[in-house]
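Two chains, two frames, a set of hints: combine them into the complex.
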Amino acid sequence: MSSPVITVENLGKRYMIGRQRSKKDGLRHAIEDAIRTPFAWLRSERKSQKLPDKDFWALKDVSFQIKQGETVGIIGRNGAGKSTLFKILSRITVPTEGRIRLNGRVASLLEVGTGFHQELTGRENIFLNGAILGMTHAEIVRKFDEIVEFSEIANFLDTPVKRYSSGMYVRLAFAVAAHLEPEILIVDEVLAVGDAAFQKKCLGKMGSFAQSGKTVLFVSHNMEAVGSLCQRALWLKDGRLHDDGNADDVIEAYFSSLANESSFSSTNPDYGLSIQKVRLKNGRGDEASQFHPGEDLVVEISYDAQKRVEKPYITVGVTGINGPCFIANMLLDGHRPETLDGTGRIACKFRAIPLLPQNYIIKMSIRTKNGNDMIFNYQDVARFNVVGDLTKYGYKGEFLSRASHYTPVIVPYEWCLPDGTTALVSLGSLPNQIAGDFH
Amino acid sequence: MPELLIEAGRAERQYWRDLWRYRELFYFLAWRDLLVRYKQTVVGVAWSLIRPLLTMLVLTVVFGKLGKMPSGGIPYPLLVYCGMLPWQFFATAMSESGNSLVTNANLISKVYFPRLIITASSVITSFVDFLISAGFLVVLMIWYRYTPPAAIIVLPFFVLLAFAASLGVGLWISALLVQYRDFRFIVPFIVQFGLYLSPVGFQSSIVPERFRLLYGLNPMVGVIDGFRWCLLSGQQHLYWPSLAASVIGVVALLVTGIWYFRKTEQTFADVI
Numbered sequence: 195m196s197s198p199v200i201t202v203e204n205l206g207k208r209y210m211i212g213r214q215r216s217k218k219d220g221l222r223h224a225i226e227d228a229i230r231t232p233f234a235w236l237r238s239e240r241k242s243q244k245l246p247d248k249d250f251w252a253l254k255d256v257s258f259q260i261k262q263g264e265t266v267g268i269i270g271r272n273g274a275g276k277s278t279l280f281k282i283l284s285r286i287t288v289p290t291e292g293r294i295r296l297n298g299r300v301a302s303l304l305e306v307g308t309g310f311h312q313e314l315t316g317r318e319n320i321f322l323n324g325a326i327l328g329m330t331h332a333e334i335v336r337k338f339d340e341i342v343e344f345s346e347i348a349n350f351l352d353t354p355v356k357r358y359s360s361g362m363y364v365r366l367a368f369a370v371a372a373h374l375e376p377e378i379l380i381v382d383e384v385l386a387v388g389d390a391a392f393q394k395k396c397l398g399k400m401g402s403f404a405q406s407g408k409t410v411l412f413v414s415h416n417m418e419a420v421g422s423l424c425q426r427a428l429w430l431k432d433g434r435l436h437d438d439g440n441a442d443d444v445i446e447a448y449f450s451s452l453a454n455e456s457s458f459s460s461t462n463p464d465y466g467l468s469i470q471k472v473r474l475k476n477g478r479g480d481e482a483s484q485f486h487p488g489e490d491l492v493v494e495i496s497y498d499a500q501k502r503v504e505k506p507y508i509t510v511g512v513t514g515i516n517g518p519c520f521i522a523n524m525l526l527d528g529h530r531p532e533t534l535d536g537t538g539r540i541a542c543k544f545r546a547i548p549l550l551p552q553n554y555i556i557k558m559s560i561r562t563k564n565g566n567d568m569i570f571n572y573q574d575v576a577r578f579n580v581v582g583d584l585t586k587y588g589y590k591g592e593f594l595s596r597a598s599h600y601t602p603v604i605v606p607y608e609w610c611l612p613d614g615t616t617a618l619v620s621l622g623s624l625p626n627q628i629a630g631d632f633h
Numbered sequence: 549m550p551e552l553l554i555e556a557g558r559a560e561r562q563y564w565r566d567l568w569r570y571r572e573l574f575y576f577l578a579w580r581d582l583l584v585r586y587k588q589t590v591v592g593v594a595w596s597l598i599r600p601l602l603t604m605l606v607l608t609v610v611f612g613k614l615g616k617m618p619s620g621g622i623p624y625p626l627l628v629y630c631g632m633l634p635w636q637f638f639a640t641a642m643s644e645s646g647n648s649l650v651t652n653a654n655l656i657s658k659v660y661f662p663r664l665i666i667t668a669s670s671v672i673t674s675f676v677d678f679l680i681s682a683g684f685l686v687v688l689m690i691w692y693r694y695t696p697p698a699a700i701i702v703l704p705f706f707v708l709l710a711f712a713a714s715l716g717v718g719l720w721i722s723a724l725l726v727q728y729r730d731f732r733f734i735v736p737f738i739v740q741f742g743l744y745l746s747p748v749g750f751q752s753s754i755v756p757e758r759f760r761l762l763y764g765l766n767p768m769v770g771v772i773d774g775f776r777w778c779l780l781s782g783q784q785h786l787y788w789p790s791l792a793a794s795v796i797g798v799v800a801l802l803v804t805g806i807w808y809f810r811k812t813e814q815t816f817a818d819v820i
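Chains as they are written, first to last, in the working numbering: chain A, 195 to 633; chain X, 549 to 820.
Do not rely on the hints blindly, as some may be mistaken.
[What the hints assert, rightly or not] Below, in silico cross-link-like pairs of lysine to aspartate or glutamate (EDC-like), each with a Cα-Cα straight-line distance of 16 Å or less:
#, chain 1, residue 1, chain 2, residue 2
1, A, Lys261, X, Glu551
2, X, Lys587, A, Asp352
3, A, Lys395, A, Glu418
To be clear, the hints were calculated from the coordinates, so they are not data collected in a lab. Since we're looking at a predicted model, the values are computed, not measured.
Bound conformation, chain X alone (with noise of 0.2 Å):
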């Protein structure tokens, strides 16, 4: 084995090396976060289901009854739901994985393994919920006798594109949090706000056209987009110029997640 330096300042190459040592751990935490919640609730299982039912309920109620937004011709509960899928996925990873490292702190201060592992597999936790919730999109289909398109091909595309997403959040947020504790009240904010900034309940299109490569900015507009536009056909058009920069986005908020955790993570156990 080779020796390991231990030094201040050290940008440690082992680092990465050491990732792929642990990576059982990333399968680990995620399973031991499902385990618990599942045995801890009679509804845990269920939870993965209700909640995405639920949101869409009152996201077609609201979008699409009452506020009778134009749905293209697909059923209004199938252009939500699909919309939903990745939000929940990212609002998930903002409010869990943000708060993973300060949940963990116990193992931060008492076990040395890289800590992008714990924010990682809480990620991975909430990817889990996303196939659970994606499992039902099937149902709903059927239901709705609705056949997706030729484009469904690209749809792990826009799935990668998702998890790059909630991982580069679940990073910054999750950094953040330990050094800036008062942080946490923002977050649930920041949600609540996205949910409806964001096309989950509406579709995109509606923007007027200028505005819309502004709007691109936000990162799950392109994720949502993309995603509609895999799984639902008809006029869904994709705006390539805000899919382009909601990529952009995405991966800048990706290697930025990963440039300030490694950049703080030398002090988490002082900290936390």
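Bound conformation, chain A alone (with noise of 0.2 Å):
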């Protein structure tokens, strides 16, 4: 049973952007108001020339629970409030209501490099922001041969950090900090900086960070990051905590409500057609904006026809980024409907979708009689992205890891290899039969 390790009771944080902001901030100003009105404490009424406060709730009534050895991920918009929750964890701010419970010594890194000083060395900087970030003297002098082996600058130790390319400066920094002790880490967006080799090391050492136990929060918008080293995951929405649980669901989750956001609508008023919503369902009804391969994709459009429509040709497709995929046409099918008039609802389901991960976009056109007058051309109404872990379908490739930079439809097929023998590869809509003999 493991023992809590941070509680955050009825969290809340205002800033006060009126006053905060108000050019009315100077000594002098404070004089002139004293002058101005020296007796001001003894009337009632006080004439203020300061501006109305506004109140800002960054966190409003944030209420959560971890544990020690869970990783959690803090996800959410900008401004959501998630650097706010840092902060105060990190105890750099203060919270105005509400409390927190830590029992562990943390370590938060908000960004890699605080403190670092361009004039001095690679070598002077390490004790620097080590001592900065918490250790001490002894600790660094100890740690010191592994952090310079992690961060690949031994060559370098001794020349100022200003002549460091950007790539060997967040290497250090995240060298030093990476040799933190502590029984919390909290990260924030640190993954933002650095290549992709650099992010790949950041990860792994969060990732043997908790595997030893220790509790990790990973404040992060890469939901590639977050869905793979978090279990859990925290959504912040305006301030408020959204929603609290397996981190895959959460961010799911997420992303749905993304999609909805930038939904599609328009209107062309010589027609009187207008498309209210466009909709993405999975197959089991329910709207999404994830999909797995071999899935059921369903486009749901929501019409408006304030004048009736007569033979309208509707076509859905779905892009990727490399081009056009595949697309349902009732130009070709001929199942148009006769007429569309008042509000209603069309979809389209295309059957277990034969598409790698990747990014797509729908795109939808409406044309009418006989096919000739657009109504609206063939534009960008939803996307969606397809997730997943192709091992499941039988893929065992090498370069695996690249498969969003390939053509992303994959027809069932089957390969005839010179020693006689047969794999058959298709995703999710055939069964796969791997290296067996098949006719």
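Okay, structure coming up:
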């Protein structure tokens, strides 16, 4: 039974944006105010020249508990309050209401290289940065060699940091931070800097940290990282805790809400036809913006035809980063409705989408009059992405991690190899048989 | 490790424990500032000497030669230098420690440690300058073949007093500057004003007796008088009432400085 290491109760943080950002901040004005209204405190009514204070609650009523050994991701839009929560947990700022109980030494990384000074050498900055992050001199000396090895800048230790490339800088900074030994590690978007190799190293280190039983809190926009590293996720929305649960579930819900926010709607006044909403749903009928290969994809269009539209032809297609993938086309299949009148919905269900994990766009067009007049040009109406572990479909190639770079549509296929064996590959629509004889 | 409770408005008993825990940072930040200063300029190392030397020359000429102030038989440059030593310490604390929080804004908004350490380590940096300048005092004394009196044993007390005064004023100004940025225009003015108001270029014995107690309210009066008394023999009588007033002033400065700093520290990250 793990004990709670972080308990947050009704946390709230208010910023007074009216007063803080006012130019009437200076000592001069403070003195002026005092002179102008010297006995204001005697009078009940005070004439104040200050701007009315606008309250902005960056966090309100946030409560959660984190047990030892958990890795928790904190996600949300920009401005949702993630960094504020981070700062309060790190004691950089204080809450306006509520409380936090911490059981364990906390190390927090808001950025890498805090306190680095350009004029000092790498060696000197290791000591400086380590001390700022809370390490003692003895500790830094003990770990010095490890830090240098991790950062891969051994040759440049005695050069001023201002001469480093940005990659070296970030590697050194993270190397110091990576050798902290707290019980609770809180990390905020440090992965935003650095190249792919660096990010991999970061995540690896954080992963090993988590595996050693320490508690990790990870604030990020990188959903892939959050999903792979964290078991649990907290979703902050407008300063409140919107969701708290299994990381994959929360991330998926978050994505859905993002997709549904930027929803397509458009009107063609000449034909009196307007598209109110385009919803994407999965095979179970739930709204979704993430799908797995081989799942059903439903595109549901809600329309309002104020004037009757005769002989409408609707086309719905899926396009990937390299171009069109596949399409549903009433012009070809002939299953168009006779008219569109009033409000209604029309949906197209793509069965078992044979798509690799990538980002995709749904495009739609509506024509009429024997297919000549365009009511809506073929345009983007929704986005979705396909995610999934391809190894579940029998994929075991060496370059599997680069799946996002290749042509996305996988039609079932079969290799006939020189040794006489065959290999059948498909994305979920047919069962796989690898290295078997199939005729 | 005991449970840490973070709550609005809570006076943290943790704070003093944290100061101890982060004690090495006092050294590291001061080390950083000195290292940076000396790396950047060729003059860097010599700066600690050039500045007091030049000031001493100017003050000697202005007050000693032109103003013909009484020196009680002591070489005027020596008189001035002894007064300047603590004054420079105090003045640099006012300007540099005053700015220390604003200069280190990136640390304040990104990392936690007791902010008092920033201001204090800046005072420590000024203290290092003080020590270097004091080293030159030894050279000066040798030059004038001047031996200090037995009272020199008490010098550490006055050094401590100077340190307390510098820390107190540093805390006040650094905390004020975070909230009231335009205050930074007033600080150099106070420093300038203070140089002539304090008995740096002259002896405080020239102040009429009936005003000396009032004069002692300037904390640096007691410190400078004390320095002179310890280091220079001769007719350097120490005027005890004014010293007492200065000591009270220094203690008040330090205590209120810590109080104001702690009171506003919680808002630093939000305001800076």
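Okay, the hints, checked on the actual structure:
no. : hint                   : in the structure
1   : A:Lys261 with X:Glu551 : holds, 14 Å
2   : X:Lys587 with A:Asp352 : holds, 13 Å
3   : A:Lys395 with A:Glu418 : holds, 15 Å
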